Amino acid sequence: MKVSRRTFLSIGSFIVGGAAGTALSPLPWKLTDDLSIWTQNWPWTPKPERGDVSYVNSVCTLCPGGCGLSVRKVNDRAVKIEGMKGHPVNDGGICILGLSGLQLLYGPTRVKTPLKRVGERGQGKFKKISWDEALAEAAEKLGALRAEGKSHTVACISGSAGGTVPQLLKRLLTAYGSPNFMSVPTMQDAYAVTLKQMHGIDACPGFDVENADFVLSFGSGIIEGWGSPVRMFKANSAWQDKKIKVVQIESNKSNTAAKAAKWIPARPGSEGVLALGIAHVMLRDGLYKKEACDGAAGFEDFKKWVADNYAPENIAAATGIQKETVESLAKEFAAAASPIALCGRGQGRTPGSQYEFMAVHALNMLAGNINKAGGVQIIPEPKYIAWTEPELDEIAQKGTASPRIDGAGSETYPHAKSLLNRLPQAILTAEGASPVQALLISEANPCYTLSDTQAVKKAFAKIPFVVSFSSYMDESAQNADIILPNHACLERLEDVPTFAGLSKPVIGLSKPVIKPQFDTKHTGDAVIALAKALGDKIAAAFPWESYEACLKETLGDKWEILNEKCFVAAEENIEAPLQFFTQECKTVSAEGDEKQYPFVLMPYDSIRLANGFIGNTPFLTKTVPDTVLKKNEMLVAVNPKSACGDSLSLKEGRSVMLTTPKGSAKVRVHLSEEIMPGVIAVPRGLGHTAYDKYLAGKGVNCNELIGPAEDAGSGLDAVWGIRAKLSNVSI
Amino acid sequence: MSTSVDQKKEVSTEVGDGAGGFAILFFLLGLVASLIVGWVAFPKLLYSQKNQPIDFNHELHIGLVDEGCESCHFFREDGTYSGVPKLEQCIGCHEEVQGQSKDEAVFVEQYVKPGREVPWFIYAKQPECVFFSHVAHVKAGGMDCVTCHGHIGESSSLKVYEENRITGYSRDIWGKNISGIKTNTYDRMKMDDCSECHVKKGVNQSSVQTGKGACFVCHK
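Protein sequence lines correspond, in order, to chains A and B.
Counted from 1, the first sequence has number 21 at position 21 by the working numbering; the numbering is strictly sequential.
Counted from 1, the second sequence has number 211 at position 211 by the working numbering; the numbering is strictly sequential.
Because the hints were derived from the structure by calculation, they are not lab data.
Keep in mind that this is a model prediction, so the values were computed, not measured.
Errors might be hidden in some of the hints.
The list that follows gives simulated cross-link-like pairs (lysine-lysine, DSS-like), each with its CA atoms no further than 27 Å apart [claimed, not checked]:
| no. | chain 1 | residue 1 | chain 2 | residue 2 |
| --- | --- | --- | --- | --- |
| 1 | A | Lys-47 | B | Lys-50 |
| 2 | A | Lys-73 | B | Lys-125 |
| 3 | A | Lys-511 | A | Lys-565 |
| 4 | A | Lys-622 | B | Lys-50 |
| 5 | A | Lys-80 | B | Lys-125 |
Make a model of the complete structure from these sequences and hints.
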């Protein structure tokens, strides 16, 4: 169409007129303003809740640290977690995980209703069922096993052994007829065996770090999350202020090592030998506390044995530490007024070599600091749970009398209470049907945290019936048949007995801050309901209406003060006679052939990575530096001086294949002087496959690459590393 | 030759004159149309009219309570402001139907008895990016409610809530007058109105919390 000049001008004039008129009207200015406000209201933009502000005190259950919390609420929503002022553990402080705990509470990884598996195991296909259906099905399966005389084939894995919920689970197993209650082992277990062997008593250790004036740490990640993290951070700051010397013995320059006055990179695994080398110098030069040690059981034998075998010049080859260093370390340690020696590798979330613990504890005994200010406190196990023994029927009597599947308490492992690390192997090596026919899992994620997770998953696949009580869709819940989700932390009432190396342990009360958001049930109530459904004497062993009634009755006169203050002090120290030992300090060696695998792989802990049952929060993952995790790829630290053969050159950021006798994974290399040559440092806490998109698929789970190493003394897992090699990635 | 040139000139003049008139006409048409759109149609389209769920009578209530506005719109112990009352404040008197009003019956039956909060439309709601503290203005600054909220406390009926379709906030923020001209302090409550008063009163020009100046007084 031909546009005439007139038409063109007319349209043009109309447009110009329109533009002028629009500019003279409020339309463009108002629209600009409104659109800018509209952009602030996009639905994904978080908005603070408005309303009535209140604070609720509670106790954190995200790690064993037992910190007091003060949670800020607006209306019914928890909006901020702060440390509780005046709480004996953390006095207002809070760690990065606790701080971001709301992301676990409100995040997408929660299990919202009881679930029943519909797909293959591990496929993650579940259907929603009601609580009545779920409990009835679990009770029916357990009842059928019991009727077949297989009650002893039911096992339970609990995140801890202390507190009423784990004890209710244990009681259920006992009344039902199974001895197989297991808890996830930590350094507390290794310490318990140590105290049993060196003082002859059942006790827990406390470390009076606040009053110590010389700290000798055998690989303990003091500011990596060892013990109760906030308390240790505060203690470490106080040491720096008071110029108290901290010596860190560790192959990796962790944050603790970097902040220490002295960092001694000893050969990994040789820490126990080094401790006895220090003991040798103290004994040789008469630097030990004679009034504490002379006349103690086995002291003369110990003295002679250490004198014969652990001279600093003789251990130099094993530890890689010069004679002079050992001599001066021993003298400094002995000269301090209240020195303390710590062990428990990294965060201490895994036990370790029994002899290493005993050797380090011997140093404390030689320094005369047992039950002294600034020393090791010997604290009795908590006794506030004093239920009457359940009455057992014939099946239960027979069942509980049968040997434990994990061998704990047997002649071979007399001091161990549970040996979860031995369970997968026991299932895999059994002939015929699995010795575990049903498994209950509470507050634990063995499919992620146990060494050699591939074998663990294989073993779990042989168990016909797995029940998980997890609040989150973790790796173990994903491999379960029925999930009976617990209320999450801050939604549930629970007692939290906290030891974690505190010099004055406390019993905390975790109070619900908000009402449960989903169709979940307190594990305590679920256990009571299961017992009632199983009937007869099992039901009779659980006379309580509800978990709350049980807890109230159990705590007795402590209930009121716990409700008010959220904590009460636990029992006083107990007398601890010294008993020295003369067993050879057997080092736990890394699995694998040295020629085939020239490196040693060592997992390391970081305060920025939650590595237990609780996974990382998105906020925590944000704080992980890109020398550890870059996008979804994990970096392993290697010293540039490491010899790795001609075929492979190490370059920063280079993709390599990391292979151990247990498996292999593609990782990237981070060159760092902060690691001993020949060692590969791998972060612990990455490589989840379950939970949500914020946690899954980032890096590699180091537990897939290492295998369990059973300690000859305790039977606990003492693995600290494995031999490994790096090779080119095949394209 | 010259004739043809003249002819051409004539033609072009003719065309030019006619087109010029049209151009002015269309310019004016465009101008008027857009002015009507901008001043009349646009405000009508921009705001949707919503009635409050209950027609609350401020005048009636203020005569029955002892402490004026603060009887229902009070400060919490920590200094935060309660804003629009919750059922909790109403329930003391309104557990049972009072008087004959239809709204009263609806309020008790549909909200008080089932324990459901009334979804009031809030005329004064500011965007999320604004940090506003009542306590700083009322207690520390000694301002009265009328300065910002007008004479709503004396009204016997709630006015229609005009919701901006784009932002979701009330028309009261920009002001009833689309051109933004105001005669009273409470006619509009945009950023300029806040800063006008802040400047006039010589308010501390930096944030108490952060110590930063300018924007940070209200945008934390």
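Checked hints:
| no. | hint | in the structure |
| --- | --- | --- |
| 1 | A:Lys-47 / B:Lys-50 | 24 Å, holds |
| 2 | A:Lys-73 / B:Lys-125 | 22 Å, holds |
| 3 | A:Lys-511 / A:Lys-565 | 11 Å, holds |
| 4 | A:Lys-622 / B:Lys-50 | 44 Å, violated |
| 5 | A:Lys-80 / B:Lys-125 | 24 Å, holds |
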